[in-house]
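2 protein chains.
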Amino acid sequence: MIDRLIAKIQETKAPIVVGLDPMLSYVPEQVQRKAFAEYGETLAGAAEAIWQFNKEIVDKTCDLIPAVKPQIAMYEQFGIEGLQAYKKTVDYCKSKGLVVIGDVKRGDIGSTSAAYAVGHLGRVQVGSRTYAGFDEDFATVNPYLGSDGVKPFIEVCKQEKKGIFVLVKTSNPSSGEFQDRLIDGKPLYELVGEKVAQWGEEHMGASYSYVGAVVGATYPEQGRTLRKVMPKAFILVPGYGAQGGKGKDLVHFFNEDGLGAIVNSSRGIIVAWKQEAYAKYGAENFGEASRAAVEAMIADIRGALEGEL
Amino acid sequence: MIDRLIAKIQETKAPIVVGLDPMLSYVPEQVQRKAFAEYGETLAGAAEAIWQFNKEIVDKTCDLIPAVKPQIAMYEQFGIEGLQAYKKTVDYCKSKGLVVIGDVKRGDIGSTSAAYAVGHLGRVQVGSRTYAGFDEDFATVNPYLGSDGVKPFIEVCKQEKKGIFVLVKTSNPSSGEFQDRLIDGKPLYELVGEKVAQWGEEHMGASYSYVGAVVGATYPEQGRTLRKVMPKAFILVPGYGAQGGKGKDLVHFFNEDGLGAIVNSSRGIIVAWKQEAYAKYGAENFGEASRAAVEAMIADIRGALEGEL
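Which chain is which? The protein sequence lines are A and B, in order. For the first sequence, our numbering gives the first residue as 1, with consecutive numbering after it. For the second sequence, our numbering gives the first residue as 1001, with consecutive numbering after it.
If you're looking for bench data, these hints aren't it; they were derived computationally from the structure. Every clue listed holds true.
Cβ-Cβ distance ranges computed for the label pairs, FRET-style:
id	chain 1	residue 1	chain 2	residue 2	range
1	A	201	B	1186	28 to 34 Å
2	A	183	B	1094	40 to 46 Å
3	B	1306	A	128	49 to 55 Å
4	B	1302	A	207	58 to 64 Å
5	A	155	B	1228	34 to 40 Å
6	B	1183	A	248	31 to 37 Å
7	B	1276	A	194	42 to 48 Å
8	B	1127	A	59	21 to 27 Å
9	B	1012	A	59	51 to 57 Å
10	A	127	B	1276	26 to 32 Å
11	B	1306	A	161	52 to 58 Å
12	B	1302	A	96	57 to 63 Å
In this text, a Cβ means the ideal position worked out from N, Cα and C, and glycines have one as well.
Okay, chain A solo, but in the shape it has when bound (with noise of 0.2 Å):
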């Protein structure tokens, strides 16, 4: 799957991936009265209004994208009925061909790990039979219970040629309150990052590890640490665009070979129609605004990474 997302990233030319992270606030009226109308201003019907809002910016997308990130949150905040949209929508996604990123943070002690790795990334048996609870291609995992609360994520990778990318160094203001103190000199992160270079040469692929890394590009410094520290692990960056990173901060989160990473961008994207760079495109065209901003996004890093490497 890393070789894979590694082709689908060669063949779009967009080292990035569209977070598609809901509020029900983002989806423009006529969608959310049209699901209200069916289902009534219920939790199906939030989760109508989230899945068609979804369908709408990956059809848009599709063509231009190598991933898509589901954050589940925005999904399990709706119970049931949310968590049913997000399987719709990673299922959609991956029959339009893209390599769908499910961003859990899940993490636990060693057979919970199993457990969350089995309903995300693998096939859990029921009697003679099995099944894949979400199947996702790639998880994102805490770190904090330590390796072994990892590595059944990773055994499950294995069988299943699948990935995930471990938080390293998170986007967020307040990621250093603990992730930036410093251990034997190093910051917590480095530890980390030292980690999941370890773990990863458990699970290669071609050229990088199925192990990859969360760093957020609010925090170029330190990316360019980790991307020494880590050089086989491909790093998932969120934080570009409504967090506040730019093209020109991603550069060092890339190897020479230009690849390595590939950038997240959620509110960026899906909420494009609410900003006044796309107003033009009316709410009733959100898909289309998506569309343009996902172009531009790609030139900006395109353009930043023409320029360094």
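For this one, chain A is given, so just place chain B on it according to the hints.
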């Protein structure tokens, strides 16, 4: 809710919580057979089997215990159908008067943590209405992202009078890999514990905070330290029983008022029917075996506390 948890602990004289973490292999044959007869060897069949298993254990133990802690991963591995069984379990336990601690270990950047908080502890807005997605009483939270990943949970807890338990020192063998690393001479878990104490000041019950901590029974010395670092935090203590913790290891997790901790056992209770000590009940009476295991656990912990406090 923390006051209600404390009242329930005092009423039952049992500072324990039963971990409802069903693997399909824990469920006796006859329960599986019946579920598969109705739904086939499907995800729905597996979900029915674990739900019936849970229901029987809850029916046979609910008068002895204050709380349950379903581990969502064990349900999530069965996809949507599994999560429906989780929701059913949460609702049923609440209808039996039990406090429900959702062991979800969520945590993300601010707006995303807010969505998790709403989904598990709060109510989500849909048009002019609001709905509770999963509606647990407490949730466990991962602190790796720092304050802005935790505070959205506290905000929802304030509105709903609910609580969280933040992972501080987890029970698993490799928890020390990052959590024990020294920062200015103090282990990371202690810094996290200090933060829990600070966060907890924002949302106090009558004698304890709504912001608790998770500290593994397998690390009694660390428990002793953390008890002092977070005097007002209730400590949720996993790792008793199957993971190796014993009653006498637990005394330092409690305060001198005999409160301040609640000890979880999962496999030790729900798979009692497979243990030699409870073999006489047979697979047919697995609920009775769980009840006997609960009684033994309560006696062990009461004995240890009476000896020490």
